[in-house]
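**Q** In case you want the letters, here they are:
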Amino acid sequence: MHTFELTRPTDVTSAATAAASANTAQQGAEIRFIAGGTTLIDLMKLNVEQPHTLIDLNRLPLGNVETLPDGGLKIGAMVRNSDLAHHPAVLRDYPVLSQALLSGASAQLRNKATTSGNLLQRTRCMYFRDTAMPCNKREPGSGCGAINGANRMMAILGTSEHCIATNPSDMNVALTALEATIHIQNGQATRSVPINEFYVLPGDAPQRETVLEPGDLITHVTLPAPVANSKSLYLKLRDRASYEFALASAAVIVKIESNQLSYARVALGGVGTKPWRSKEAEQALAGATLSESSFRNAAEAALHGARPQSQNGFKIELAKRCLTHALKLATQTA
Amino acid sequence: MSDDVNKNKGLGTDAPSGFGSSSRRAFLSRLGSVGLLATTAPLARAVPPATSEPPTTPSTPTPPQTGLPVTLLINGTEHKLQLDPRTTLLDCLRENIGLTGTKKGCDHGQCGACTVHINGRRVNSCLSFAVMHEGDEITTIEGLGQPGNLHPMQAAFVACDGYQCGYCTSGQIMSAAALMNEPCGPHDADVKELMSGNICRCGAYSNIVAAIQSVRQKKLSAS
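Protein sequences appear in the order of chains A and B.
Per numbering that gives the first Met the number 0: the first sequence ends with 333, consecutive numbering throughout.
Per numbering that gives the first Met the number 0: the second sequence ends with 222, consecutive numbering throughout.
It is possible that part of the hints are untrue.
Some chain A residues well away from chain B (every beta-carbon gap over 12 Å; in silico) [to be verified]:
no.	residue
1	T2
2	G36
3	D55
4	S102
5	S105
6	R109
7	T180
8	G186
9	P193
10	G202
11	E291
Calculated cross-link-like contacts (lysine-lysine; reagent style DSBU-like; alpha-carbon spacing at most 35 Å) [unchecked claim]:
no.	chain 1	residue 1	chain 2	residue 2
12	B	K103	B	K79
13	A	K278	A	K254
14	A	K254	A	K327
15	B	K217	B	K103
16	B	K191	A	K254
17	B	K191	B	K103
18	A	K254	A	K230
19	A	K230	A	K73
20	B	K218	B	K191
21	A	K44	A	K254
22	B	K191	A	K44
23	B	K218	A	K44
24	A	K327	A	K230
25	A	K327	A	K73
26	B	K191	A	K327
27	B	K79	B	K217
28	B	K79	A	K73
29	A	K73	A	K278
30	B	K217	B	K191
31	B	K79	A	K44
32	A	K230	B	K191
For the record, the hints were derived by calculation from the structure and aren't laboratory data.
Cβ coordinates follow ideal geometry from the N, Cα and C atoms, glycine included.
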């Protein structure tokens with residue numbers, strides 16, 4: 000690990016300003032914010048990240064969860080995953096978020112990992128994590144080792160010829176279905192970005208994963224008020240029962256009126272290069288009857304553009320069944 | 000070990016004894032130090048000569064003389080240290096403080112052997128920089144209980160034979176002790192889910208679950 004300077008600011012503006020002189024806020028940034036550290040320290044040990052400056056966010060006053068006047072929820076950037084998962088408002092109004100958080104990592108990691116840190120969780124692609132391997136995300140232009148290599152865990156949606164790395168987060172899938180908004184401060188200026196516009200597809204620049212620019216500090220995330228009488232659910236399929244990344248997952252929010260779906264939001268995990276909102280599935284579900292065939296139709300629509308690699312073709316059918324089953328479970332309990 | 004920073008550890012001092020004093024560990028530690036001094040003169044020079052050292056108790060290794068000043072509160076005792084910022088809390092505990100009860104397994108947050116409590120919550124000490132924990136209350140297995148005064152979870156692991164080789168055990172116990180204060184359903188499956196961050200290569204899982212359930216049962220019947 001390369002050595003670094005550590006600063007521990009106590010106010011948000013100082014923290015954001017301290018990162019403004021970085022050349023990038025993306026892969027390889029020489030100035031990095033550190034929150035829980037569960038991704039960053041891991042990658043620093045692997046020399047995948049080599050920042051010369053770390054700005055510790057743990058003294059910033061960003062650790063609260065508040066109910067908003069409009070009935071929505073404001074989640075501070077430094078709220079730990081375990082605290083968010085067990086927060087009464089989340090359990091009551093956004094069970095999909097609690098379920099997604101509790102399906103990720105281990106209890107120890109959830110105690111450290113934060114809301115903003117998890118938004119920026121890095122891929123588990125083994126070529127990205129191994130500096131002896133080619134990886135366009137880590138070293139632009141070096142090639143993609145996964146495309147002709149071990150790609151069983153890789154993405155089937157949103158890939159490019161330069162990168163097929165999966166976004167590994169569970170929380171982000173739930174936040175995507177919930178149509179969360181990311182709030183960012185840069186110096187004194189603030190802006191907000193809908194989560195579905197926060198992540199960018201790899202295209203020909205996979206080193207760029209989000210819209211974040213140098214000096215951008217995520218301060219909080221907001222959720223819209225819960226849809227009255229809706230039900231939500233997160234279903235995660237993986238190689239072992241616990242402490243494993245998703246092969247496929249689905250976050251669904253549904254509302255039933257007169258035996259039809261009057262509201263549906265769908266996001267998929269484990270299959271996309273970013274948390275995968277499926278408006279195609281939502282359109283297929285609009286006004287649909289509560290039947291396995293309409294759920295399967297939605298799943299077919301969601302995976303319509305999927306592109307398998309040599310070892311992960313099974314993910315297409317797995318993701319379809321995952322979404323179909325998630326919709327079935329959510330509507331059974333509705 | 001993975002980091003160069005550990006080479007600055009104080010030489011020739013014994014780790015505090017855990018179970019049983021003047022142990023195999025102390026012997027090996029002395030042996031290792033002699034070997035290091037004999038073969039790596041530059042490293043030995045990096046440590047101040049013994050004559051200039053302030054008097055220290057045998058259980059407090061000399062901290063490196065460069066780095067960031069930090070005061071850590073570990074098991075109720077304040078430790079004033081100078082640390083390379085790269086030092087993980089795990090390495091700091093083992094190499095700088097001499098608390099070797101906390102174990103290094105994977106060093107990447109995947110095995111749970113390094114689990115400690117920070118402000119009462121379990122975390123992976125390998126994924127924490129020590130200098131970020133000034134002002135925090137850090138508890139290790141040594142602070143949880145000691146021979147003659149075992150924490151109920153330590154006693155339960157002994158009673159239920161919740162280990163084989165023992166390497167993961169301190170992490171398992173720290174994790175299990177913290178689990179007692181977390182939301183957890185009543186079933187074995189609930190315990191297994193919340194203990195999935197602690198890997199046991201010997202496969203003592205069923206006895207670990209039994210140990211945890213026995214402590215939870217006692218707590219239930221006492222309340």
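**Q** If a hint holds in the structure, say so; if it does not, say that too.
**A** Do the hints match the structure? See the list:
With a least beta-carbon separation of about 6 Å from chain B, A/T2 fails to lie farther than 12 Å from that chain, contradicting its non-interface assignment. Chain B draws A/G36 into its interface by the beta-carbon criterion, the shortest separation being 6 Å against a cut-off of 12 Å. Against chain B, the non-interface label of A/D55 is violated: not every CB pair exceeds 12 Å, the least being about 6 Å. In this structure A/S102 is not separated from chain B by more than 12 Å, as the shortest Cβ-Cβ distance comes to only about 10 Å.
Not every C-beta of chain B lies more than 12 Å from that of A/S105, the closest at about 2 Å, which undercuts listing it as non-interface. Its closest Cβ contact with chain B, about 9 Å, brings A/R109 to no more than 12 Å, contrary to its assignment away from the interface. Chain B leaves A/T180 outside its interface by the beta-carbon criterion, the shortest separation being 28 Å against a cut-off of 12 Å. The beta carbon of A/G186 is kept farther than 12 Å from every beta carbon of chain B, the shortest such distance being approximately 25 Å.
Distance check on A/P193: its Cβ is at least 31 Å (rounded) from any Cβ of chain B, clearing the 12 Å threshold; non-interface status holds. No beta-carbon of chain B is positioned within 12 Å of the beta-carbon of A/G202; the least distance is around 30 Å. At roughly 28 Å, the least C-beta separation between A/E291 and chain B is larger than 12 Å, which holds for a residue marked as non-interface. About 23 Å separates the Cα atoms of B/K103 and B/K79, which keeps this hinted pair within 35 Å; it holds.
For the suggested pair A/K278 and A/K254, the alpha carbons sit about 16 Å apart, so the restraint of at most 35 Å is met. Distance check on the hinted pair: A/K254 and A/K327 sit about 13 Å apart at the alpha-carbon level, within 35 Å; holds. With a CA separation close to 31 Å, the supplied pair B/K217 and B/K103 stays within the 35 Å bound. The hinted pair formed by B/K191 and A/K254 meets the criterion: a straight-line CA distance of about 33 Å does not exceed 35 Å.
The straight-line distance between the Cα atoms of B/K191 and B/K103 is roughly 22 Å, inside the 35 Å bound, and the hint therefore holds. The straight-line distance between the Cα atoms of A/K254 and A/K230 is roughly 6 Å, inside the 35 Å bound, and the hint therefore holds. A threshold of 35 Å between alpha carbons decides the hint, and for A/K230 with A/K73 the separation of about 20 Å falls inside it, so the pair holds. With a C-alpha separation of about 19 Å, the suggested pairing of B/K218 with B/K191 holds against the 35 Å cut-off.
Taken as a hint, the A/K44 and A/K254 pair is broken in the structure, with Cα atoms around 46 Å apart against an allowance of 35 Å. With a CA separation close to 29 Å, the supplied pair B/K191 and A/K44 stays within the 35 Å bound. Distance restraint check for B/K218 and A/K44: the Cα-Cα separation of roughly 41 Å exceeds the 35 Å cut-off, and the hinted pair is therefore not satisfied. The suggested pairing of A/K327 with A/K230 holds, with an alpha-carbon distance near 12 Å, which does not exceed 35 Å.
A threshold of 35 Å between alpha carbons decides the hint, and for A/K327 with A/K73 the separation of about 30 Å falls inside it, so the pair holds. For the suggested pair B/K191 and A/K327, the alpha carbons sit about 27 Å apart, so the restraint of at most 35 Å is met. For the suggested pair B/K79 and B/K217, the alpha carbons sit about 39 Å apart, so the restraint of at most 35 Å is broken. With a C-alpha separation of about 39 Å, the suggested pairing of B/K79 with A/K73 is violated against the 35 Å cut-off.
Annotation: proposed proximity of A/K73 to A/K278 holds, straight-line Cα distance about 25 Å (limit 35 Å). With a C-alpha separation of about 19 Å, the suggested pair B/K217 and B/K191 falls inside the 35 Å cut-off, and the hint holds. The hinted pair formed by B/K79 and A/K44 meets the criterion: a straight-line CA distance of about 25 Å does not exceed 35 Å. Among the hinted pairs, A/K230 with B/K191 is consistent with the structure: their alpha-carbon atoms are about 28 Å apart, no more than 35 Å.
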